[in-house]
Every structure is written in C-alpha cells, then in structure tokens.
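Student: This is what each chain is made of:
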Amino acid sequence: MSANNPYLDDLSRGIIRENPVFRLLLGMCPVLGVTGYLINGLGMGLAAAAVLIASNVVIASLKNFIPPQVRIPCFIVVIATFVTVIEMLLQAFQPALYEALGVFVPLIVVNCVILGRAEAFASKKPVLRSLVDGIGVGLGFTLALGILALVREVFGHGTIMGPGPDSAILLFGEGFEPMALFGQPAGAFIALGLLLGITNVIFKKFNIK
Amino acid sequence: MVINGKLIVSSSPHIKSVESIQSVMTDVLIALFPAALMAVLLFGYRALLTIIIGVFSAMLAEAIWRRKRDLFSDGSAAVTGLLLALILPAAVPWWVVVIGSFSAIIIGKQVFGGIGYNIFNPALVGRAILVVSWGGHMAGDIWPSPQPFAFGYDAAIVTGATVLASRELAVTFSLPEMFIGNIPGSLGETSALALLIGGIWLVYKGHIDYRIPGGFIGTVFILGLLFGGGFYANNLMTGLFHVVAGGVMIGAIYMATDFVSTPVTPVGRLIFGIGCGVITMLIRLWGTLPEGVTFGILLMNAVTPIIDNFTIPRQFGGVNKSA
Amino acid sequence: MRDVLRLSITLALVAIASAALLTGVYNVTEPVIREREERDYLEALERFFPEIDQFETEKINGDTYDLVYDQAGEKLGVMATVKTQGYDGTITYNLAINTDAEIIGILVVSHTETPGIGDIITTDNFQEQFIGKSFEDPIEPGEDVDIVSGATLSTGAMISSIRRALNTVGENFLDMERQAFEFEDLDDGFYRGTVDGTYGPLTVEVEFRDGRIQTIEIIEHNETEAYFVDAYPEIPQRIIEEQKLEVDVETGATLSAERIVSAVKNALEGAPEGENGGGDN
Amino acid sequence: MAEPSFKGGVHPAYNKEATSTLAIVKMPLPQKVVVPMQQHIGAPCELLADVEKIEKGFEVKAGQKLGDNKGFVSAPVHAPISGTVVDIGPYNHPLGMKINAVTIESDGRDEWMDNTKPAGSLDDLSVDEIRKIVREAGIVGLGGATFPAHVKLSPPEDKPIDIVIINGAECEPYLTADHRVMLEKAEEIIFGLRVMMKALGASEGIIGVENNKPDAYKLMERLVAEEENISAFSLPTKYPQGAEKMLIYVATGRVVPAGALPMEVGVVNHNVGTAVAITQAIREGKPLVERVLTVTGSGINQPANLLVRLGTLVSEVLEYCGGISESTLKLVVGGPMMGLAQPTADIPVIKGTSGILALTDEDVYLAESSPCIRCAKCVSSCPMNLMPTSIAQAAEHGNYKRAEELYALDCFECGCCSYICPSKIPLVQWIRIGKNEIMKRKNK
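Residue numbers (the numbering used here), protein chains in the order written: chain S, 1 to 209; chain L, 1 to 323; chain Z, 1 to 281; chain E, 1 to 444.
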C-alpha cells in the first residue's frame, strides 16, 4: 500500500486491512443485532460512522487539553454526546430507520470501534488524519454491516431494500420460501461466521496482511 | 544376502486391523438399512426419494467441499445424509432435503475441520437448521401417517399428530404397533424394531458402546415410569411408551453414539447417555416441545469435552490420586 | 490538589460543552419530532376512521382514549393509546376500535423491544391476528391469538393490554356488558374443571349446593408459585363472596387468576361428579 | 464359568500356522558373530580388560565372558562360539543405533571353556549360589524384555515372593518359538521353575499357556500332575496376554500397582526360554549363548523355528531360511506388535530376539492416517485402561504435562491402540515420543 501517503493509508486501512468487523471483530453487538435488512445495516453503519468521525475529530482537537487521567471519561462523554445527537436527528428526520435500529443507536456509545479509535488513534494523531481515519473505519464498518445485512436479507427474507411492502424488492418471486434461519439472531452468527471464513480465504489469496 | 528395494522402518505395531473409517461407516450404513427399509415400507415412495436425495446430496456436498471426485470417500457423508433423511418427515420437499444435507456437511462438519473435528452431530445440526428455517415443512406436531406396503401413496396427504404431542392419540396405538413403527413420525424413527436390529449389529461389531444407548434408553424408561404422567395403562407401559415413541431409539442408537461428538471414556459415555435421556425427558414432560431428543443430544454434544476431562479412567493398577 | 482541580475542571468543561450541544440539538429536533408524532397520529386516525370530524379525549387508568365522531356527531369508534410494560421498557401503541367493539387497527408508536425478537409485535403477522377481534372474543393465548415463543414477554404484554383496553372501551364508551355466567339452576354436587396453563393443567373442584358456590378447591396446578400465591386463595374467595364469575382479576398474577376463573367456569359448565367429589383427593 | 480375562486387548490374526508345527532346528555354526555389549536392560557391559588389551586376533572359546558390569542390574555377555576376535567397535544393533560390539570369526571347532560343567544337584545349591550361577551365565528375560534374570530372583527382604509364573502365553502373532520350546523342552522348563522357586522361596509355581496352544498346555498339565505346588494354567487367547501385569492378573487375580514391579504383589514371572536357560546353566554350566527364535512372515521362503547362537547376523539367519522375497516391506526383529522394524539385515541376533519377521504387503496394512474420529476403540482396547488417543493428541501438540496427567508413563507400548485404530493413527509412536519427553523433563 502507499506508505508514502499517510492519508490514503489511513483511509484504506480502516476499510480493508483493519476492517473493524471482518478483521478485528469489534463492535459485534450491532453487527449481529440490526443486520436483518440491508437498509437497517447500512443505516446503523452510517450512524456509527457519523459518530466515529465526529468524535475522532473532536478528540483529536482536544487531545492536548485533556489530561491523560481523565481521558476515558472525556472520550465517553464526547461519544455519548454525538450518539445522542444522532439519535435525536434520526428520530426527527428518519423515523423509520430510528424505529428499526431501536436500542442499538444508544448502544453505539459502548461500541468498542469508536472508543478504540479514539484511544488508539485520535488521541495521538493530528486532526486531519483522525478525520480520514474516522471516515475509513466508518466506511469499513458500514461496508461490513451492509454485506452481512445483504446476505441475511437475501437468504432470510428473499428481498432487498426491505422491510415493508413499499420498498422491498422480491428477488425470487412470491413462491420463494426464504431460509428463516438467516433472518433470526442465531442465523446472524452463522452468517457472520461464514463471511469471516470467506474473507479470510480472500485475504489469504491476495496476501493482504 | 540381497534385499531388494527399501525396507520400511516405522514404529510398532507392524500389523494393523483391516478396519478403517470406511469399513466402520459401511457397517453403520448396513445397520441403518432395516430402518431405511421400514421407512420405505411404511411411508412409500416419498420415503425412498427423501433417502436417496439425502444420501446423494450429502456425499455431493462433501465431495465438492473437499474437491475430491471420490463420491463415497470414507463413507461418513453417506451416513450423515442417511441419518438426516431418516429424521425428516416423509413429505418434505426435495430442496429442503438438499439444503439440509449441505448444511449438515458444511456447517455441521466441514467448517469445524472435517471428519473428526465437528463438535455437534452433523445430521442433527442439519435438522436443527431446517427446523428453524422451514418449520412448516418440518412438520412439528403433525407428521405424515404411515400406510404400510402402499408404495405409491403420497405421504404428504395423510397426517396425524405424533403420539408424543397428543395423549389422546397416544392411547389409540398399542405398544407393539409403536414398536413395529406403524405410527406417525419421521421416516426412520418410528420403527423401534428395525432400529434395534441395527443397533444390536453395531454393538456386535464393536462400533458403538452399549453404555450410551443403554444409559439413554434406560434413563428415558425410568423417568417415563416415574414421571410419565401415567396416562397409559400403567406406569411400566408409560415408561415403555416413552422409549418406543418419538426419536429416542434412533437418537440413542445412531445419533448419541456418533463417534466424534461423544465422550471416549467408558464412564463418560454412560454419563453422556444418561444426560441425553434426562434432557429429553425434561423437555418432553415439562418443556413446551413434544420431543426433546434433538436438543438432548446437541446439548450433551456441547459438554462432551468437559465430560471427557472429568472421567479420565484410572490406569490398570492405579490408585486414587487424592488418596 | 491542584491536579484534582484541573481534572475536575476539564471534565466539567467537556460535560458543559456536551450539554450545550445537546440542548441545541434538542431544541431543533424536539418540535420536529412532536409535530411528526401528532401528524402520524392524525394520519392514523384518518386511516382507521375515514369519516372523522372531531374527537374528544378521555383518560382512564393512565391510557388515553379518543372518542371519534363524524360530521353528524355520530360516534365512529374509539382510538386508544395504550402503554404497557414490555420486555424492555414501555410499549406505546394505538388501538382503533369501532362501535361494534371490534379492533380495526393496531399501530405501535414506540417501543424498545429487542430487535429481531421482541419487535415482532410491530409486524403485520402478529398484529393481524387481532384485527376483527371484538369485545366478545376471549383474546386468550392459545385460544384465538398466539404468543410467539422466544418473545413471550413482549407478545404476552401486548395480548393482555389489548384485552384490557378493549374491555375498557367496551364497558365505558360503548355500553357493552359481559354476559354474566348463570348458574343458579345447576344441580347440587361437586364439579371439576381443567384449563391448560403455561406449564401444565390447572384443575379445580367446585362444590355447588343450594344455588350457591360453596367451596372452590385447587386440585392441581402448574403455575409459577410466586405468582400463584397472589391469585389463590383470593380469587376463589371473591367468587364465593360475590357469587359470580365476573370478578376483577387485576392481581399481581393476572394469568393465574384468569385461569382459576375459567377453570371454575369449565367446571360448572360440565356435569357434577357425584355428591362426594372425585374421591381421590 | 467365564474365563478370567483382563480388560481391553485385541485379537489380531495370529498367523502362527506356518511355524507352529515345525520342530526347532539347530542352525549350523555361523561364520562370524557380533556380540554387542548391551543385550539387556540395565547398565551396558564393559569389555573385560584382557579382551580389550589384546584386541584383534585374540582367540576366544565358546562361553568365555567378554564383557560385564559391576552394576547389579546388568548381565555379562559371553562369546557364543570359539574363534578369533576380528573387530571391536560400534556395530549395528537391533535398537537402531550402533553399539560397541565384539566381532568373532568362527574357527569352526566350537570349543568350550574348561569351566563349562554342571553345577551339581539342585538340592545342594544354596540360594546365593543359584543367583550367582544365573548372573554369571548372563541370563536375561528371553521374552523380549531382557531384564536380567538374577535381579528378579533377588527380591528385597521386605517383598516376599510366593508365586512364580512361567510365561508361556506367547501372545505376539507369528511367533512360535516359545510354543516349540514348551513342546520340546518341557521338562527343562519345569526344572527351571523349580530352581526359581527355590531361589525365591516361593510356594507356588504356575505355568501359563495361552489356550491357542492346546498341545503345549496338555503336555504341561500331564508333566506337572505329579509335581508338588506346580500347576498349569490355561490362559485365554488375547493380545497382550503375555504382558506381565496382564498375565499376573489373569493367573492369580493380583493387580500389580501402576508403576510398580510384580514383586510388589509377591509374584515373579519368567519366560519359558529363561527357564530353559537357567536349567542349562545349572545342569551344564553353559552361559546364555544361544536362543530359539522364529523366522517367519510371508516374505520368508522357508519359515522355521531355529536354535541360533547369539550374535549371528540376521542376514545369515535369513539366508539359512532361503532368503526373503522381493516384496518384503518390513524386516522386524521381535513380534509384529512390539518388535522393531529394521533398515538392514546386518544386525546381530541378541538375547531378546524372539523372532525375525519379513513382512510383505500381505501382513502389513499400509494406509495414510486420517484424523481421529474419536471412536474410542483404542480406549476400550487398552489393557492398561488408558486413553491412547488423548495421550497421543497431547504429545502431538507438545502438551507433555497433559500426557503425563493421562498416565502416559503407564503405557507399555503393547500396540493394541495402533492396531485397532480405524484412522490408522500411529498412536504408540506419539505416546512413545510423549514418554521420552516426560522422562527427559523428569531427569533434568
């Protein structure tokens, strides 16, 4: 990878090499919880990404101001603030998505991806790089949730862009009997496991470390 | 003196029994033959179809995964496929069988590392996935009723509740009838007789340890006798009823004795069998499901390593370590 | 000491900044949310009662009931806004009931049930089983509606609160009354009745003599003991005191209480078992 | 009544028919012999000073002592033939390494030492004299274990021995040497047993014969009928019946504690060949310089039971038996279950060599091993009640502590587990690695 351009490196690292879901297995709670439908998965991913980017920037800019002894509480406050902001914004302007994501939006606070980036990256690196890193990791998270949600929706419901009759596209026609397992939480584990296996095979094949 | 060629130097022993995984699996297939035959006699051509599809697609799944052209290979896939087919209802659509077989082989076995490494009984994993995904096709409380010697009849049409789900129905069948298998249920589980014949053959061949089916069936019998609800003629018969009704026989003889996912120590095997029986009866008598064999075995599969660890036999001439 | 002060001030500053930001966002989004909720509610009203002209609001037991009228002032039905305790937090939903005391629509407004499990209450499949159910229907799990296994608490809460709201609407706004169970002319004797509980049957033996229920005894039950003590012996006592089956069952153990009542009802609907009871007590 | 039996064990194809009816043939004197300084368990022999000094060209007579060690657990080695020492130095050994050995070229005369004479009547010999004779004769356990016999005849004072068992089980497939010895030298066996009983002060003697050798058993039964305190015992045919702990358990019902010797329970056992060797040492004064062994296997052209001078090269023995066929895959010294596969035939016959097998693909089952399917056949076949698959797995993963917890050290490598394993896993090999590693760590 282009080691000579740190920004490009920051961006690509979060998406591929250190994908929080497929490579680091972080933030599993929403990954397993809200990936029943593609739209929910993407929504969750974007919500988390927004919080991540905002908190990364704020923490990076405050890093010289915050004493190390209280950095974790400060990070949590910052993250929780942005989560609450996102939650209110969603409730106001994206009520359907807000309904679908339910309890998982407040749970972004304890998503270890975000605190992890704050601790490991934003609190040490300049603002701009933290921003790029936030974008990269956020995209990686969204991508992973999207892929998992797509798999689960296609096999578990036979639709894309569900739920609901308005937006859902029936992929296989009315006669298709979806594999209900993938729609259920237990199926999320199995689907994630299979996807992890596949990504490992792909990464090995292309020798990405 | 001249010695042609190279002498092989390897560790003793230098002779080995001719028994191989393939021969063991073939023996298991032979042991399952009476049950499969009974299934076809009772449930007609749909049973035959389900069995053939199950066996073939399981072997196919294994061959594809291992990228080997050898379809039969060590025979374990065929056993898994046959077992899966025998615990499905007769009227199940063909594609459900295929997906079940693929799930059993790939999710139940190969992702763990293939033969020898699976934690759970692959056939039961396949069935569990099917039940969760297509509960409607997997019967549940309502199962196809048998129609002995009517090969052409469509098992999908005539259905009845399993004897375990309905006490009213249970008393309409006599114990001998249930022993022979002329009751609603999945393909291979109804005929205790056929399963027993195969089981005796397997014990004779030394492939299964009597402790597991013995512990399993014995526990089911005793718990049924003590807590069976007494709705049958007497407690003894209620105990027997719980043994011959439902999946206890096929579970105890063929599923709970699956080599890989069960303990290797003699005491551990007894504990395993008893544990399966206890969980099965807990679910049957006090749970919300009519049948508990699948979960009984799967749950005990999960604790197999622990059982093994706590039941290491004392060596010959060994004294108690703590003493 | 100075260190502690510095740390505290830092934390306080961060918190103040956070609070300020939140207040700002709240001020922006709050009206939007409230407006949207009101709009949604009005839309729902219009959807269920197309001829709506006006409505008046009444509050009973913490639930809100909007009586809907058309232009002529004719009553169209009632829109109930019900709150109930689900598995995890409060479930709020609208229940549209027409003048025949039939449910014509359910709309979950807000809930925090577990996605993928408890949120089954928002699905059409779950809600449709209530549509058309009326005041007369039992709305009893296992009889005419289903509890979803895996989401027992969420769906159970919905079922019992729907029954409660429907009763309230029927009795308070639609002048409906439950048919009292008549048992004055029954033969003397011991009656036995059984209902299926969650974990097994519940059997009662009722002694009926001289036109009155004399005793009610629980022969067998498989209820959760902790709940059951709330219902027994209180419910049988009330039935004997009031000599009717329509007793208030709002105890800490609604389900057990209801089961006792229906078992007694089952018993009295059957034939007496003879003068001296079943004989195997 | 059910036959007494031990737990586990296997029933391999015995393949004894080829040689069980062939009388012992005395092999002609070899042209040369190689006498390794270690042919027993215990301290290796040191070359005697006079042999070492003269080195090559030194004339020796049959029965002349070549090496000895002052240690108690050791046994001297003797020259099996008369002739000239042509070489002293490391030579191939059946154990798979080179061990210091004396090579003697035969002079063809087979002259014996002058002191080779009867020791006198048994009644006149004291216990100590018997022990000394046995030790000086270099007699070791001829069943294969090669434990010095005099050690077993000298139990500590606090461990009284009341039973002596003569091991005629010969449970290893293919081998028939002990069978033939029992048939042809029965009287000497019984005399040997008497000697042992006297040396140990034991009150009872048992001759155990596996019941697949009915002729030997009947002969023994008839011969001991008049003998006091001695009985013949019919053992069930099951491998490893001849393992001492199994033998003692079946014949006496006594369980030898794990990690202990049979004398712990008042029992000593000896192989039939050892009994004969002791008899010859007493009656003729001959040290242990020859033994009976079985040459068989489908790669051998003329299977035979041979009386061979120790030190004879295996290649010479094979040649005497008509050579081995081209399809021979394995050359094994000992039985097929516990014997050692050899890379070459250029090795001497030593005291523990009970057989030489040339195995072709008719006998050897060659298959790649597949993963363990946890069928537990190894667990149920293990006579020591161990969990071979778990021990092997622990050893394979380098978890030697775990292997030790699973009683790896109690394994005596009988091979039942490897034999029975349907996955063809070399369990014994892994366990052996584990045992070595555990011992290494213990000795640190």
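These are computed hints drawn from the structure, not numbers from a lab. For each residue, glycine too, the CB sits at the ideal point set by N, CA and C. Errors might be hidden in some of the hints.
Which residues of chain S face chain L? A partial, calculated answer using Cβ under 7 Å [unchecked claim]:
1. Met179
2. Leu181
3. Pro185
Now the in silico label distances, taken between C-beta atoms and shown as ranges [unchecked claim]:
4. Z:Arg6 with S:Gln94: 38 to 44 Å
5. E:Pro371 with Z:Asn222: 33 to 39 Å
6. L:Ala302 with E:Gly71: 54 to 60 Å
7. S:Cys112 with L:Leu37: 54 to 60 Å
8. Z:Ala19 with L:Ala302: 29 to 35 Å
9. L:Ile119 with Z:Gln85: 36 to 42 Å
10. L:Leu37 with Z:Asp196: 37 to 43 Å
11. E:Gly71 with L:Ile30: 54 to 60 Å
No farther apart than 16 Å at their CA atoms in a straight line, the calculated lysine to aspartate or glutamate pairs in the EDC-like style are these [claimed, not checked]:
12. Z:Lys75 with Z:Asp100
13. E:Lys440 with E:Glu404
14. L:Lys6 with E:Asp361
15. E:Lys32 with E:Asp68
16. E:Lys61 with E:Asp124
17. L:Lys6 with E:Glu326
18. Z:Lys75 with Z:Glu46
19. L:Lys6 with E:Asp346
20. E:Lys442 with E:Glu413
Student: Are the hints correct? Go through all of them and say.
Tutor: Each hint, compared with the structure:
Because the smallest distance between the Cβ of Met179 of chain S and any Cβ of chain L comes to about 4 Å, under 7 Å, the interface hint for this residue holds. Restraint check, Leu181 of chain S versus chain L: the minimum CB separation of about 4 Å is within 7 Å; hint holds. At its closest, the beta carbon of Pro185 of chain S sits 11 Å from a beta carbon of chain L; the interface hint therefore is violated under the 7 Å criterion. Separation of Arg6 of chain Z from Gln94 of chain S is about 41 Å and conforms to the stated range, judged on CB atoms against 38 to 44 Å.
About 48 Å separates the C-beta atoms of Pro371 of chain E and Asn222 of chain Z, a value inconsistent with the hinted range of 33 to 39 Å. A C-beta distance of roughly 55 Å is found between Ala302 of chain L and Gly71 of chain E, which places it inside the suggested range of 54 to 60 Å. Cys112 of chain S and Leu37 of chain L have their C-beta atoms about 57 Å apart, which keeps the hinted 54 to 60 Å range intact. For Ala19 of chain Z and Ala302 of chain L, the hinted distance range of 29 to 35 Å is not satisfied, since their beta carbons lie about 49 Å from each other.
Distance hint for Ile119 of chain L and Gln85 of chain Z: a CB-CB separation of about 39 Å, consistent with the stated range 36 to 42 Å. Checking the proposed 37 to 43 Å range against Leu37 of chain L and Asp196 of chain Z shows it holds: the Cβ atoms sit about 40 Å from each other. At about 59 Å, the beta-carbon gap between Gly71 of chain E and Ile30 of chain L stays in the expected band of 54 to 60 Å. Among the hinted pairs, Lys75 of chain Z with Asp100 of chain Z is consistent with the structure: their alpha-carbon atoms are about 11 Å apart, no more than 16 Å.
The straight-line distance between the Cα atoms of Lys440 of chain E and Glu404 of chain E is roughly 12 Å, inside the 16 Å bound, and the hint therefore holds. Our distance criterion of 16 Å between C-alpha atoms is met by Lys6 of chain L and Asp361 of chain E, whose separation comes to about 13 Å. For the hint linking Lys32 of chain E to Asp68 of chain E, the alpha-carbon distance of about 21 Å lies beyond 16 Å, and the restraint is violated. Of the pairs offered as hints, the one joining Lys61 of chain E and Asp124 of chain E is violated, with about 29 Å between alpha carbons and a cut-off of 16 Å exceeded.
The suggested pairing of Lys6 of chain L with Glu326 of chain E holds, with an alpha-carbon distance near 10 Å, which does not exceed 16 Å. Between Lys75 of chain Z and Glu46 of chain Z the alpha-carbon distance is near 14 Å, which keeps this suggested pair within the 16 Å criterion. Of the pairs offered as hints, the one joining Lys6 of chain L and Asp346 of chain E holds, with about 14 Å between alpha carbons and a cut-off of 16 Å not exceeded. For the hint pairing Lys442 of chain E with Glu413 of chain E, the CA-to-CA distance comes to about 20 Å; that exceeds 16 Å, so the pair is violated.
The structure does not agree with the numbered hints 3, 5, 8, 15, 16, 20 stated previously, though it agrees with the rest.
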